[in-house]
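**Student:** Below, each chain spelled out in residue letters.
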Amino acid sequence: KNQVEQSPQSLIILEGKNCTLQCNYTVSPFSNLRWYKQDTGRGPVSLTIMTFSENTKSNGRYTATLDADTKQSSLHITASQLSDSASYICVLLSSQAGTALIFGKGTTLSVSS
Amino acid sequence: GAVVSQHPSRVICKSGTSVKIECRSLDFQATTMFWYRQFPKQSLMLMATSNEGSKATYEQGVEKDKFLINHASLTLSTLTVTSAHPEDSSFYICSASWPADYGYTFGSGTRLTVV
Chain A
1 KNQVEQSPQS LIILEGKNCT LQCNYTVSPF SNLRWYKQDT GRGPVSLTIM TFSENTKSNG
61 RYTATLDADT KQSSLHITAS QLSDSASYIC VLLSSQAGTA LIFGKGTTLS VSS
Chain B
1 GAVVSQHPSR VICKSGTSVK IECRSLDFQA TTMFWYRQFP KQSLMLMATS NEGSKATYEQ
61 GVEKDKFLIN HASLTLSTLT VTSAHPEDSS FYICSASWPA DYGYTFGSGT RLTVV
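Those sequence lines, one after another, are chains A and B.
The opening position of the first sequence corresponds to residue 1 in the working numbering, with each subsequent residue numbered one higher.
The opening position of the second sequence corresponds to residue 1 in the working numbering, with each subsequent residue numbered one higher.
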């Protein structure tokens, strides 16, 4: 069964600190891996998209990494801000299942002052 | 670019009535649109895939007669929740894809409350 597991489930950090969110997957083969940010009561917004051949992709203070050998991805957030408080979702686009997106359950990040 | 507009953002309806949710791609033609449902603290669950001009493909367990999907044009898909009941209360999100780069853009979601 294709699965995407994210950890931790939730995380609380102080404003200005860095943090790293993890995503382990068993989806194979896949076209690309995406990280989305979802604010409460809103739709997901794309942060990064990486193909299986890419190792890292940055978008401002967000840096995603991908290790296809260990089937792990991480999202690193630097100098966190209060507005970073949201759910971060790891999503894979499976090649085998056509255009099916496979979602992780997300990590809920709370940034406090 | 690649903006998807979803309306309404919130709707409260009485049990037994029907509710229509619209999903529009504003600056691109969306050959395929997807409808998701999300419960609190859960991941998005795909309900159905709609292709312009053809019938929607529903995921297992989703009642096609209850959740009517129409994708009449390349920029508009609608989800109608018919004879809504309190258990249909949820957060509904649409997304649209375009061929280049397997891009997916999500709408802002609709919070449906059935009372």
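Calculated from the structure, these hints are not laboratory results.
Hints are not guaranteed to be accurate.
[Stated by the list, open to error] Calculated cross-link-like contacts (lysine-lysine; reagent style DSSO-like; alpha-carbon spacing at most 27 Å):
#1 41/B x 64/B
#2 41/B x 66/B
#3 14/B x 105/A
#4 17/A x 64/B
#5 41/B x 37/A
#6 71/A x 41/B
#7 66/B x 20/B
#8 64/B x 20/B
#9 105/A x 41/B
**Student:** Would you mind marking each hint as holding or not holding in the structure?
**Tutor:** Going through the hints against the structure:
no.	hint	result
1	41/B x 64/B	holds (25 Å)
2	41/B x 66/B	holds (24 Å)
3	14/B x 105/A	violated (31 Å)
4	17/A x 64/B	violated (47 Å)
5	41/B x 37/A	holds (14 Å)
6	71/A x 41/B	holds (25 Å)
7	66/B x 20/B	holds (12 Å)
8	64/B x 20/B	holds (14 Å)
9	105/A x 41/B	holds (8 Å)
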